[in-house]
Amino acid sequence: MNLDVALRKDYGKFELNVEFSLTARHCGIFGPSGSGKSTLMHLLAGLLKPDEGRIMLAGRTLFDSSRNINVPPEERRIGVVFQHSHLFPHMSVRRNLLYGWRRTPEAERLINPEALIRVLQLDPLLDRGVNSLSGGERQRVALGRTVLACPRLILMDEPLSGLDEELKYQIMPYLKKVFSEFDVPLLFISHALHEMRLMAEEVLVFEAGVVRERLPAEELARRSLVTGSRGYANLLTLSAPQPHGDLWLYQWGKTPLILTEPGEGGDNVVELAAKDITLFKRHPEASSARNLLPCRVAGLFGVGNRIGVELDCNGSRLICQIVPDSVRELDIHEGGEVIAVIKASAFRRLYSMNN
Amino acid sequence: MLTLSPQDMQAIWLSARVAIAATIISVPFGFAAAYLLVFVRVPAKAMLEGLINLPLVLPPVVVGYLLLLLFGQSGPLGGLLHSLGIRVVFTLTGAVIASAVVGFPLLVRSIRTGMEDIDKRYLQASRTLGARWWDTLLTIILPLSGRAVLAGMTLMFARSLGEFGATIILAGNIPGVTQTIPLAIYEYTNTPGGDRLARGAAGQ
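Protein sequences, first through last, are from chains A and B. For any residue, its number in the numbering used here is found by taking its place in the first sequence, counting from 1, and adding 354. For any residue, its number in the numbering used here is found by taking its place in the second sequence, counting from 1, and adding 2.
Among chain B residues calculated to face chain A with C-beta under 8 Å, some are: (1) Arg123; (2) Tyr124; (3) Gln126; (4) Ala127; (5) Arg129; (6) Thr130; (7) Leu131; (8) Gly132; (9) Ala133; (10) Arg134; (11) Ile142; (12) Pro145; (13) Leu146.
Keep in mind the hints are simulated off the structure, nothing from the lab. In this text, a Cβ means the ideal position worked out from N, Cα and C, and glycines have one as well.
Please put together the full structure from these sequences, using the hints given.
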C-alpha cells in the first residue's frame, strides 16, 4: 500500500490533525477509544469530509482541499469492514456477499467469489438470511462482502471488538488466511494489542487526535512489558501437535514443547506470558515444569523493576520478564547461556490455522 | 335492510376509482418528497415541509377553493390545461386531484417515518461497496421502507375514500360523474326522508 495522508478535522472540543504515509502491506492504527481512530476511518472512506488536507492512495488523489478534489466513497475503492458488520437485513448472505462484486467493473474483479467463499467457509450459509447468523458468522460475511468489492485498501474498524474472547480467536484464522491468500492492503483499527500484533506489521499510535508515534507491532508489544498491566505476552506458532501421555507435544521451530492444551492439526498460535517463564543459571536436575529450554540471551530491555530478556532458543525468539535483582544475581548479559523453564500449563491456545 | 340503488353502486365504484387513482399517482411523488426530506440536504427544508403538510392543517374546503383558483379556467394551471383540452373542474380528474392533494401529507409522513428508521450505516456500507445514490435508493432504501410505503398507501386510500370538502368544491357533486360515497350521503341527508337512504349508502 502507498497511502499518504495529511488531514485536519475540527469538531470544536476535539480536533483530528494527522499526517503520515504508510508503505507496509498491513498497517495498524492503535489507540484508546476517543483518540480519533474511527474519525480517521470515516475520513479515509469518504464518509466524512475533512476541513482541509489531502489523501493519496497508490498515486491517486482521493481528496485535496487545495485543488478542490473530493472523490465520493463509491468511487474511492476503499472497502470498510464495520464494527457491527452492517449486513443488509433484507438480503440473503449470497446477495450481501456479491453486493460489492456486482458493482465492481469487470476489469477490476481480481478476486474469485468461489475461492473467497471457500476460504471463509461460507458455503453452508449462502442461502440463509443474515438475521439468523451468529456474531462470528456475521463478521465473516461482512469481511467477504468487503473483500469481494476488490478494493485497493481495506479499512477494518474494530472488527473483533463486538465478539467475545473465544469467538475473536475463531475469526482470526479466517482474517489471516484472507489477507495472506488475497493480496489486499489492510489498515486495521483497534485498541486491542493482541489483534494488532496478529494483523499488522507497522502501527501508528493515536492519542487525542494526533499520531503519537509509529513503530513495528512487535515494538509496541514490548513497550507493554513496562507500561501494560498484563505485561508482555509471547505469541508462538506451534506445529504438529501429538498426544504425549496426558499432555501434548508440539514443535516450536526445532524445539519440542510440552503443553496441557490439546491442539488441532496445522499451526497453532499460543500465548505465553513473559512473566510465566523462569530463568535458571544451570540446568536444574529435576523440575515439576515440563519444558527446560537451553537459550542464549540475545538482549535486555525495559526499565524500572521490569526487565525483558530476549532469548534465542534454537533460532526462535522468546521474551521473558524478570526483575533487576535476578539480572544481577544470575549475571544475565547479552550472549550468556540460561535455561528457560516453562510449565506445561502456562500456554494458552488462541487459535489454529488448519491446512 | 341494506338496499343499494344503482346510484349508490355508482357512488361506491366512483369512490374506489378515485381513491385508487389518487393513491397510485401520489406514491412516486410521496416517495420522492420523503426522500428529499430525510436524505438530501435541500435549502429551506422547513418551508418544503410546511408546504407538504399544509393540506393537513387547512380545512379541506379551503384546499378545494385554492385548487379551484389554480385549476379554474382563469387560473394559472387551468388555463394551460384548457388549451390542451383537459378539464379539471367538475370532472373525475378533479376528484382525483382533490383526493391526492388532501391525502398526500399522510402518505409522506408515513414513508418518512419508515425512512428515518433505516440505519444510516447501511447507506454508508452500500456506498463504500460502490453503489451510487440511485443504486442505494433502489436496493437499500426502497426495500427497507417498503412496509412504510404500504402503510402510507393504506392511510391515503382510506383518507381518499372519505374525502368530501375539497372534492365538492373542485369536482362538484354530479351523480355518476363525481359523486363519491360521502357526497352521496350528503345529498341524501339534504333530501326530505333521505336518512334511510343515507344509511344505506354508508353501508349500515
